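Q: Now for the letters of each chain:
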Amino acid sequence: MALDSSKTTGFKYVGTRPDRPDGFDKVTGRAKFGADATAPGMLFAAIKRSPHAHARILRIDTTKALAMEGVKAVVTRADFATGLTGENWNILENVMAGDTALYDGHAVAAVAATSALSARDAMKAIEVEYEILPHVTDVDKAMEPGAPVIRTGAADASVPEGLHPNVVRYHKSGHGDVEAGFAEADLVIEDHFVTEATHQGYIEPHACLGTLGADGKGELWCCTQGHWNVQKVCAALLGLETSQLRVTASEIGGGFGGKTTVFIEPVALALSRKANRPVKLVMTRAEVFKASGPTSSTSMDVRIGMKTDGTITAAEGVFRLQGGAFPGAPMEFTAMCAFAPYDLKHVRQVGYDVLTNRPKQAAYRAPGSPMAAFAVESVIDELCKKLDLDPIDTRLKNASHEGTRASFGPKWPRIGLVETLEAAKAHPHYTAPLAPGQGRGISCGFWFNHGGETSVSLAMSEDGSAQIMVGTPDIGGSRASMALMAAEVLGIPYENIRCTIADTASLGYNEISHGSRVTYASGLATIKAAEAAVEELCARAAAKWGIPEDAVYWEDGCAKPSGPNAGDFEPLPIAEITATMGATGGPINGHFEATPEGAGVSFATHIVDAEVDRETGSTKVVRYTVVQDAGKAVHPTYVEGQFQGGAAQGIGWALNEEYIYGEDGRLQNAGFLDYRIPVASDLPMIDTVIVEVPNPGHPFGVRGVGETSICPPLAAIANAVSAAAGVRMRQLPMRPSRILEALDSAADG
Amino acid sequence: MQYHRPATFEDAVTLAAGAQGVTRFLAGGTDVLVQMRSDIVTPDTLIDIKAIPGTHDITRQEDGGWRIGVAVTGAEMREHAELDRDWPGLVEAMDLIGSTQVQGRATLTGNLCNASPAADSVPAMIAAGVTATITGPDGSRTAPVEEIPAGPGKTSLARGEMITALHVPPRGTGGGDAYLRFIPRTEMDIAVVGCGVNLVVEGDTITHARVTLGAVAPTAVLVHAAEDALVGRTLDEEALTALADLAEASCNPIDDKRGTIRFRTHVAGVLARRAAKIAYDRAKGAAK
Ligand SMILES: Cc1cc2nc3c(=O)[nH]c(=O)nc-3n(C[C@H](O)[C@H](O)[C@H](O)COP(=O)(O)OP(=O)(O)OC[C@H]3O[C@@H](n4cnc5c(N)ncnc54)[C@H](O)[C@@H]3O)c2cc1C
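From first to last, the protein sequence lines stand for chains F and W. Residue numbers 1 to 749, in this note's numbering, belong to the letters of the first sequence in order. Residue numbers 1 to 288, in this note's numbering, belong to the letters of the second sequence in order.
Derived by calculation from the structure, the hints in this document are not laboratory data. Do not rely on the hints blindly, as some may be mistaken.
[Said to hold, decoys possible] Partial chain F-side listing against chain W, Cβ under 7 Å, derived:
id, residue
1, T616
2, I660
3, D682
[Unchecked claim] One-sided excerpt, in silico: chain F residues whose CB lies under 10 Å from chain W:
id, residue
4, R120
5, L572
6, E615
7, G617
8, L673
9, I677
10, P733
[Said to hold, decoys possible] As a list, the in silico DMTMM-like pairs of lysine to aspartate or glutamate whose alpha-carbon atoms are at most 25 Å apart:
id, chain 1, residue 1, chain 2, residue 2
11, W, K257, F, D121
12, W, K257, F, D613
13, F, K560, F, E495
14, W, K277, F, E196
15, F, K141, F, E127
16, F, K124, W, D39
17, F, K620, W, D256
18, W, K257, F, E615
19, F, K386, F, D301
20, F, K620, W, D95
21, F, K64, W, D39
22, W, K277, F, E576
23, W, K257, F, D138
24, F, K7, F, E419
25, F, K141, W, D255
26, W, K257, F, D36
27, W, K257, F, D140
28, F, K620, W, E187
29, F, K217, F, E241
30, W, K277, F, E615
31, F, K124, W, D44
32, F, K217, F, E495
33, F, K386, F, E190
34, W, K257, F, E382
35, F, K12, F, E663
36, W, K257, F, E419
37, W, K257, F, E190
38, F, K274, F, D121
39, F, K64, W, E187
40, W, K257, F, E741
Predicted model only: the values in this text are computed from it and were never measured. By construction, the Cβ of each residue, glycine as well, lies at the ideal position given by its N, Cα and C atoms.
All chains should be modelled from the sequences, with the hints used to inform the complete structure.
A: Set out below in structure tokens:
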């Protein structure tokens, strides 16, 4: 019997709001995060980092450090694998510099000692001689002729001839004839936009505990969004066999994409191999800012043509992103997301990936998309203003929907953009009166979402309870969602299910918790694994009753004969079947492995009211509403949490967060005092509306929700601030001094 | 590093006078410990002053003024209803410092002697006319607080000298003070500009005025001319404009990541106006 529990209505557990299973541990301090692991004989490590933005490493002298009491090992680049290529080489180069330090904070050596204090002292005693090289940290300057070349030969085949060697990747997509489209427009607006790099700002710094023996076998405990990836990359960087390194993911204090790669784990393992002792390595906050993976900064040009009735006739965007000293800035996502909400006949988007002397960017929640929305949705807002059009009606008029062609190529399947716009329009926020000094902004946003390689296994216990092993670290309450989905299929209470994040030795391969894929992909695999277990449960009942397996069905946690013909048997509850499973055929488990490819995209519409103090340039976000398509909200509270979290991070990015580099190329604000993420009192209560347009690619209709929520805020806030201030804000962050300058120049001009 | 916890000011002064290298007094430690952790200052001698009797007391003096012990925390000041009634501006300035946790440790004296140009309580103290008792190997002296910070991170205290108490003058009748700061966020931030205003009124007429700015020069700036501009008049639009102009003219700020010269100067004028209005309303309320 092939069981299919697909449904989009009539849920018993899915859609309820039970407490998260990890909640108790987290509020009582029992949860173990990255830095909470210890091991007998453990050493502590510290990393020596370059104080220069760009410098050749002439000499590293570790003699003094090694002579210090308690120091057990020092490593440099020579202690890692050689001959790597592609992204493994990039990651190694980032984790431990080779010939050249490429940014302020780039690791050049590391030391392990018997105490954290001795390690820090020894780190300071490592002597490094540098030859300082010219540097560049700004994306536009890095593309100019004569800009310092960060690495020769880093460009791939996509880059057209004649560009600066710092341009390492190029993207171009679209369709139609944009010039013809612009000719049809009644009004064309073209503008330039700039955003600064921001950091994910997760509260938990990177931390790990590694053990690696001379036999090439290792154990690693670390705070990560994806431990199979850590296993694979660390094995490559240290020249190990992948399976010989077992990686366990700790509880995670936030990642937002920033923990999808490695920074310190290979260093701890290299030190451990050398010292033959477990090594613990924990980043300081300053190290997190300087040497983990912030997002890209951008320089963007957007041009859009519109008819007086609001029809967009053509759109074009050029997106330049710097992603630090390595290829990988997500410019193709910026380009592809830019015009995704709109059904356009003529559209063209171009992206540049540019090297600078900054840390290697990492993913940050819908990488590249929020900046695109900032530029595009600002221009649409300006067009609506100039043509006296309602911003939601105008977006509805041009909205992508099922069957229209996406700006980046494919035809859209069933999507929920129109539904979010309609819900936003119907929300009381949209028509609420504004106080003097306030302005309202709206914006749409888009993210692809992802499926990815996934394995899940489920095991029944004798008492009829179940345990699920998933391989995607829980970064947003996903254990609760897995348990809810399994409960729905098994027909047993949520509380009877325990969901664990398995280590790399206990389950098949799993891709990282990224691309908003966990509730979708691990959820789908959990449902399938539970269905496999149900099938076996039904088989045991069939055997007991002596009827064919396909004459048994599963309902409310019981096997039942499928009809009068099948026989007259009392329903057989799950616990009765599992109680005797050892004697009736052995343990009852279910598992599922696949690379599901039906991740449904998600769209959102945000409404923001902002108040600007015209004397100081200070902005207060006074009201905020997030409307987003979740497909199906498995645990609505955690869906709302994702919506609110995206909006909160977006408010920080829009108003005050930025990487500030000095003339010397050094980061000036490597701490939370001057890198200003919002504090609680900076935020209004963020209202949420969950729209549910089921994703046909998931049995219960789930779409990922974690990333789309950060796509509209930059634009929505900029539109609100521009309305309140009466001047168009084209550069982020819109810190008070920048708003005051804009007001001043508007008054002058 | 040597850690001491003397029981008297005499012992503390003797230790400080005899110490080699870098010495720090440990009041709340919210500057000292943070600087140690981030490798900015690593003291050779740390003298914890919190065990000295009387350092935790807020005491009403015979003349109606207040003596504030050098280990009194921001939270203790906030909860002192009478002090708050007399000097709401001073209390609110101290209260702006840090979070609830920091409030449980941070002191006025520490804020003063850390000598940050952006220290929040300092403009409010100067506006209020607070003085300090300074004790050293050669005995004690008294000085107005504005004489203590000498530049970013520097004080005028001689080696072995320490502050043993702060004195807030009697409020008298018809007085009101206020402190405002500008920060990009709403909390947990460092002043881009701060402004303390202390006024005394008779009826609607200002009879005494002290206006101080923080974070616009190497040390807090007392806007001397503000007294002339305000005394003898009501706080009308003309007076406010004059005050804002004087405040702007008194600025000598730097351009840095926290604010430009232009921004700081402009906002100094804005805050002077706003703080003066609050102080004026409080003074008139107190005069009733
Ligand atoms: C999270 C955080 C937020 C903060 N926010 C703010 C803010 O908003 N505004 C602000 O102004 N500050 C802020 N601070 C800085 C700090 O809290 C204040 O400067 C505080 O008032 C210092 O007081 P303390 O008692 O902790 O000083 P300590 O750290 O104990 O000492 C500071 C300095 O004063 C000297 N000192 C202490 N007592 C004496 C004495 N009796 N005689 C002579 N010298 C002495 C010490 O030697 C040291 O140099 C913040 C700090 C933190 C950690």
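Q: A separate judgement is required for each hint: does it hold in the structure or not?
A: Hints versus structure:
{"no.": "1", "hint": "T616", "verdict": "holds, 6 Å"}
{"no.": "2", "hint": "I660", "verdict": "holds, 5 Å"}
{"no.": "3", "hint": "D682", "verdict": "holds, 5 Å"}
{"no.": "4", "hint": "R120", "verdict": "holds, 9 Å"}
{"no.": "5", "hint": "L572", "verdict": "violated, 57 Å"}
{"no.": "6", "hint": "E615", "verdict": "holds, 5 Å"}
{"no.": "7", "hint": "G617", "verdict": "holds, 8 Å"}
{"no.": "8", "hint": "L673", "verdict": "holds, 6 Å"}
{"no.": "9", "hint": "I677", "verdict": "holds, 9 Å"}
{"no.": "10", "hint": "P733", "verdict": "holds, 9 Å"}
{"no.": "11", "hint": "W/K257 <-> F/D121", "verdict": "violated, 30 Å"}
{"no.": "12", "hint": "W/K257 <-> F/D613", "verdict": "holds, 21 Å"}
{"no.": "13", "hint": "F/K560 <-> F/E495", "verdict": "holds, 23 Å"}
{"no.": "14", "hint": "W/K277 <-> F/E196", "verdict": "violated, 38 Å"}
{"no.": "15", "hint": "F/K141 <-> F/E127", "verdict": "violated, 32 Å"}
{"no.": "16", "hint": "F/K124 <-> W/D39", "verdict": "holds, 11 Å"}
{"no.": "17", "hint": "F/K620 <-> W/D256", "verdict": "holds, 23 Å"}
{"no.": "18", "hint": "W/K257 <-> F/E615", "verdict": "holds, 20 Å"}
{"no.": "19", "hint": "F/K386 <-> F/D301", "verdict": "holds, 19 Å"}
{"no.": "20", "hint": "F/K620 <-> W/D95", "verdict": "holds, 22 Å"}
{"no.": "21", "hint": "F/K64 <-> W/D39", "verdict": "holds, 20 Å"}
{"no.": "22", "hint": "W/K277 <-> F/E576", "verdict": "violated, 77 Å"}
{"no.": "23", "hint": "W/K257 <-> F/D138", "verdict": "holds, 16 Å"}
{"no.": "24", "hint": "F/K7 <-> F/E419", "verdict": "holds, 20 Å"}
{"no.": "25", "hint": "F/K141 <-> W/D255", "verdict": "holds, 23 Å"}
{"no.": "26", "hint": "W/K257 <-> F/D36", "verdict": "violated, 35 Å"}
{"no.": "27", "hint": "W/K257 <-> F/D140", "verdict": "holds, 21 Å"}
{"no.": "28", "hint": "F/K620 <-> W/E187", "verdict": "holds, 13 Å"}
{"no.": "29", "hint": "F/K217 <-> F/E241", "verdict": "holds, 8 Å"}
{"no.": "30", "hint": "W/K277 <-> F/E615", "verdict": "holds, 16 Å"}
{"no.": "31", "hint": "F/K124 <-> W/D44", "verdict": "holds, 19 Å"}
{"no.": "32", "hint": "F/K217 <-> F/E495", "verdict": "violated, 38 Å"}
{"no.": "33", "hint": "F/K386 <-> F/E190", "verdict": "holds, 13 Å"}
{"no.": "34", "hint": "W/K257 <-> F/E382", "verdict": "violated, 31 Å"}
{"no.": "35", "hint": "F/K12 <-> F/E663", "verdict": "violated, 60 Å"}
{"no.": "36", "hint": "W/K257 <-> F/E419", "verdict": "violated, 43 Å"}
{"no.": "37", "hint": "W/K257 <-> F/E190", "verdict": "violated, 31 Å"}
{"no.": "38", "hint": "F/K274 <-> F/D121", "verdict": "holds, 19 Å"}
{"no.": "39", "hint": "F/K64 <-> W/E187", "verdict": "violated, 44 Å"}
{"no.": "40", "hint": "W/K257 <-> F/E741", "verdict": "holds, 16 Å"}
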